[in-house]
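Residue numbers (my numbering), protein chains in the order written: chain Z, 6 to 416; chain B, 6 to 416; chain E, 6 to 416; chain Y, 6 to 416.
Treat the hints loosely; a few may be bogus.
Since copy identity is lost for identical chains, a pair holds within one copy or between any two.
Stated by the list, open to error - In silico lysine to any residue, SDA-like type, Cα no more than 25 angstroms apart, as pairs:
1) K251 to D115
2) K251 to L211
3) K371 to L12
4) K251 to A280
5) K371 to D115
6) K251 to P354
7) K251 to G157
8) K251 to N369
Everything labelled a hint here was simulated from the structure, so no lab data went into it.
Protein chains: 4
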Amino acid sequence: MIDREALSLRYARVRARTDALAAPLSPEDAMVQSMPDASPAKWHLAHTTWFFEEFVLAPHEPGHRWPDERWRVLFNSYYEAVGPRHARPARGLLSRPPLDEVRAWRSRVDARVLELLPSLGGAALEAVSLGTHHEEQHQELLLTDVQHALSGSELRPAYTDRPLAASPAGSAAPLAWTSFDEAVVDLGHAGDGFAFDNETPRHRALVGPFRLASRLVTNGEYRAFVDDGGYDRAELWLADGWAAAKSGAWRGPLYWDDAGEHAFGMRGMQPLDPALPVAHVSHYEADAFARWAGARLPTEPEWERAAQGRAVEGNFVDSGRLATSPARGEGMAQLFGDVWEWTGSAYLPYPRFRPLEGALGEYNGKFMSGQMVLRGGSCFSPREHLRASYRNFFPPHARWQVSGVRLARDA
Amino acid sequence: MIDREALSLRYARVRARTDALAAPLSPEDAMVQSMPDASPAKWHLAHTTWFFEEFVLAPHEPGHRWPDERWRVLFNSYYEAVGPRHARPARGLLSRPPLDEVRAWRSRVDARVLELLPSLGGAALEAVSLGTHHEEQHQELLLTDVQHALSGSELRPAYTDRPLAASPAGSAAPLAWTSFDEAVVDLGHAGDGFAFDNETPRHRALVGPFRLASRLVTNGEYRAFVDDGGYDRAELWLADGWAAAKSGAWRGPLYWDDAGEHAFGMRGMQPLDPALPVAHVSHYEADAFARWAGARLPTEPEWERAAQGRAVEGNFVDSGRLATSPARGEGMAQLFGDVWEWTGSAYLPYPRFRPLEGALGEYNGKFMSGQMVLRGGSCFSPREHLRASYRNFFPPHARWQVSGVRLARDA
Amino acid sequence: MIDREALSLRYARVRARTDALAAPLSPEDAMVQSMPDASPAKWHLAHTTWFFEEFVLAPHEPGHRWPDERWRVLFNSYYEAVGPRHARPARGLLSRPPLDEVRAWRSRVDARVLELLPSLGGAALEAVSLGTHHEEQHQELLLTDVQHALSGSELRPAYTDRPLAASPAGSAAPLAWTSFDEAVVDLGHAGDGFAFDNETPRHRALVGPFRLASRLVTNGEYRAFVDDGGYDRAELWLADGWAAAKSGAWRGPLYWDDAGEHAFGMRGMQPLDPALPVAHVSHYEADAFARWAGARLPTEPEWERAAQGRAVEGNFVDSGRLATSPARGEGMAQLFGDVWEWTGSAYLPYPRFRPLEGALGEYNGKFMSGQMVLRGGSCFSPREHLRASYRNFFPPHARWQVSGVRLARDA
Amino acid sequence: MIDREALSLRYARVRARTDALAAPLSPEDAMVQSMPDASPAKWHLAHTTWFFEEFVLAPHEPGHRWPDERWRVLFNSYYEAVGPRHARPARGLLSRPPLDEVRAWRSRVDARVLELLPSLGGAALEAVSLGTHHEEQHQELLLTDVQHALSGSELRPAYTDRPLAASPAGSAAPLAWTSFDEAVVDLGHAGDGFAFDNETPRHRALVGPFRLASRLVTNGEYRAFVDDGGYDRAELWLADGWAAAKSGAWRGPLYWDDAGEHAFGMRGMQPLDPALPVAHVSHYEADAFARWAGARLPTEPEWERAAQGRAVEGNFVDSGRLATSPARGEGMAQLFGDVWEWTGSAYLPYPRFRPLEGALGEYNGKFMSGQMVLRGGSCFSPREHLRASYRNFFPPHARWQVSGVRLARDA
């Protein structure tokens, strides 16, 4: 049973966070679509608002009217059941409505949702709740898409003129290995809290013995892989990965310069800190690195087993850094936050998985093909968005997310 | 010998016209790049300013400094001799500098050019003059690119909220044919006025006898071609044109709706007026239409022979309509303005053509391959930009320019 | 410990089968490469011979010499560790050596391998053994590639002029469901017989309760899906599958005609028999069909659990039909043979998987990305090639293999 | 009025020449389609036969029957008016009919055409005559396509095992320039002999004064261009040419090796002879070379004016060399034969051009877009196929024809 008051607070908090993350962006910044996989920031602001208008207000608000019926087309992402959609690769063409009008729309929708919320029934409250988690996903996408957009200019500008919180300096904690015995474990979401349908149902799985690295792979370690000819040794790579690396002329992670001495981030070009976790690598690169290191990527069940019961603590968007930070301490570090951790598991439905009813059934299920699972969250993720059962997923060639590597080994 | 005072006035007038044409655009509108062939309006504003900074101020202004050296890269269009260039298809990524900063840059450059102009020598004055004609070309491109950008949204918005001057109503003048005898004529630019290098040198050519239509082909006439199965009859088309029409699923001019009843323009979607000249057709379509009509396109020499000695009068951007108007009167009509007229001539150098010296030699000559010549100017062209010897050119598949058809026939 | 005599017999038998399957092909037939994923039959004949020359004769034959050193390049498929390779999509360019010369090469290699075999040590015997299983894979590929090649001509010719063995007529057995309880099972290869590295190591997995259909989905059942708008209902499809179906204009299985009344096979165009298993569907189509049918695809562990301990019986290439046959009887039917069965499992390494040493380590491991597993074998597979632990794999869009559907359901 | 006896002799001679040129090819060689622009040799043999079957026998032979109606589809090249066509890029899939059957078809058609010819009327005789000239075009294409096909294998095989006639050794004649005054000249075909429609009608043109080089550009001269950084200097190139050279990684003519020391030809890889004409360059390269050399390409009218009245003498396919030869003597050399000479003229219709009636009207006219004219013929052309008014044409990027450079200069 959803607590209406808590949901109202959460709604307001999440929506305000989106506005804050987009605040540094000019109307021009918010227009850029740098590739078909990315969306303009303005579109993220509008689409997340469309979500509440489409799935909460339209069905539940008395006398509901759209600001413009055509916005249903412009800001529908991929819901075939809702109707036609503006072509995804052409989102950058949408100069109208302007950013100010989208912001005003956000405000109006917020007022209406908050006014309506106390009277909503269960299904509607579920939709509001889902909308807030949906919006948190777009918060991260907004940031990764903006970073990618800004990287496309020779100016390599910073995301904001205001100073961002500094990451701690110093070296990374030494790498240690934690051993796990074979066990039948319960995986997937448990309890009353929110979870996406793809985290359900809770199910039993046999997880063999394995060892898990105590922290993320660092820039320094990845630099050693590069310097050892990592990008020139076919034997380290999956065949598709090798083809992607060759055709894309990859010589290092996405945002590294040719010398491997600077990297582009939300502060613009910055010296590469060897102590920080490597970020913006594809699954292919993560896999090749692991093979080079005599290790492998953890599977989803292994990762989840290690994360179960741990507090969601780490370096999230909440820190205001918008950058990674070095591993500290002796135990298992960085399981949450800093960078998403590529697993060796394909994104597939859990046993007896059932998607949501109606159009929202398209939320996750139809994407369970051709993608790999990432776990743990990043420095661009809101802390309250994450949990041990959370499944993120991207195609194995994707590099513009804050994606990195944690190693595993057979026991 | 260039008159400095006249040039100053012209400089100010041309630059102000650009600003006026861009005035209705929001920062968002000015960002859109709808295809690699088109550029964002902001980029046009910046590039035309870069032209004066690069070719006038940098070499001639004492103590010249660039606002940002990297802008040389961002706003260089295609001058290999100047240095590296931001990738053309990625101009839509340039959110920085913002529109306001580009506008401020334009103002500063204007003040400096106008201050410097009285002391400039001949070559520098030539560069200023060239820059103004260059800017007039970009005025038209800015408009055609904005139209294309706005057409990419389901909102089909108008270019401006202000009312545009109305086009005259009424039917088109009847079509008549004017005959020309065989003659050796002098073609290309003559006299002291400005001309692009591609209009030179003046040279003799033998032009056989021909007949030329007294006005442009109308929407109504083109609609008859469509209704007669024009897009389904291979025998009417060049092989490349047929392939382009099939692969692009062309069923009519670029901006016509499926029913052929409305067309998109600077006023948004408007009813198609059968009396107005057909616009936004490719060379392939113009050629197929002409074959269907038992006629052909005029050649460059034919067109120029017919246009020589005539006043540059017609429907230009100066009318404030930003739309075509119907042919009026009994004589040869619409030779200038309304729509660019596809010729049957490939864009090639005139005999003894010599490009300009230095980087500006890349202005025209290197594009003399794979394109067809258009003549006469359009309702988006400034009147003072046009003349009988003027050669416009686009690839035969291009449709986003204001391009139409005038028929010719063998005598 | 490999039995040399048995291996000699197997070697001779397998090689002869390849020759027999290729016997109906003219030099022209054997040249065709219909798409980058397919290879000419002559190339299959040469590559399988190269395998023994490269991995058996070259390292073990005293005074070994290549017929032409450049053939190492021409007929190396994908072994980076062996050296450069002729480009895969350009295999159809290799008119030299001609088919006769390739056949002669096969004979010479066969004589030399059989002569050498009694003196070979363990590793070399392993390579010979692997080569025979490798060749059996190419026997099936040769057939599927020839079928695809022949389908590309308006003549739609049969593979051979000789009559093929007839498939039994009559309707398919009724569909029943077999239930399986949750169990921890041992999966992967067991025992002394040959297995590919990707079937190892034997490992424990927890398999939840499920039900499995007693036979394959038929053409008639698939036709009902098509007639019910299966290819027009986005809600039934994975997002990637929907995109593939739309971009490929799929309206039915690969070789069906538009009316769904005939299908192309090794006999040319033949009436579609509703009792036969549907074949030549992609994973996307298999998945959409299953969803439409209120079922799902089985997972690898589910399929293997059902198949363990069963005799490898069914309709294989050995029947000489080169076509599917209807399910018969009451029990679990068609688990082996007829069509490969798409599973819902991505092709990934088993826990503690280790690829073979050296260049042969590229055999399977590097392809464990972006593909789905198929199980059971087809009417193009040699019976002796198959076993319950056998893992076949293709990208989810692939349709030219003899791939079909068996349904599963949650218990 | 066509002389039936002469045409019979010519028919037999041309058809026999095709057979002789194809004689060295195995069934495998005759299957290869190396790119969409090229066709398999077997297809050339069949298509030229189809031409007579379609345009002579079918309309004129009493009780005509096709060997297989579907061959009308398989071997129709591009005649929309005839009906559907097998897809051009898929000609390499046509293993059936086999080469032997195509050869047998050729023989049967030859017998029937020769039997029918004495009774044919004017239009049919015109079709036979056109068919022989059509076949001569395909003789050259057969050779260029075979060369391209063989170049795609690491074996770099020779076209034939028999020795080809040797090219004379020795250095090229010195380069001289011949001057021409301005004149009004008659261009296009004159007289009673055969000409393609694109050479008509004869028409007057004013040709300005110019100078023409006395021989072709040599490998040695082109090598100097390469060594002078010709492929790295954008200022020498047309913009489209520069883009093609960069995207295609061009570093020299098509068949040169990286060192510029060997080139692939009908004898396989051979040392590059600096005295021989450079061949297998695109229009873009010819144009860039000319600019580097301080010259330009001749226009069509210039070339034709220089060639008018000269005997068609030179190095043709008749020499049996299938290779170029050095320029000899003092006067204007190599105007005919050796290599096709790129002109600076786009392929466009002559004034008052009318294509042939009916389906044959598609022969030339519909290709008058996007191509450049070449003149003079090559060492792959039959002598009797050429004349001063002959217009060959290819896209400016095409390199697989035997295309080279003759320089011109302004007077």
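Going down the list of hints, with the structure as the test:
1. K251 to D115: Answer is neither: 47 angstroms inside a copy and 38 angstroms across each miss the 25 angstroms cutoff.
2. K251 to L211: neither (38 angstroms within a copy, 39 angstroms between copies)
3. K371 to L12: Neither, since 28 angstroms and 47 angstroms both go past 25 angstroms.
4. K251 to A280: neither (28 angstroms within a copy, 40 angstroms between copies)
5. K371 to D115: Neither: 29 angstroms inside a chain and 50 angstroms across chains, both beyond 25 angstroms.
6. K251 to P354: Answer is between: at 24 angstroms across copies they meet the 25 angstroms cutoff, but 32 angstroms inside does not.
7. K251 to G157: both (21 angstroms within a copy, 22 angstroms between copies)
8. K251 to N369: between (31 angstroms within a copy, 21 angstroms between copies)
Hints 1, 2, 3, 4, 5 from the list above are not met by this structure, while the remaining hints are.
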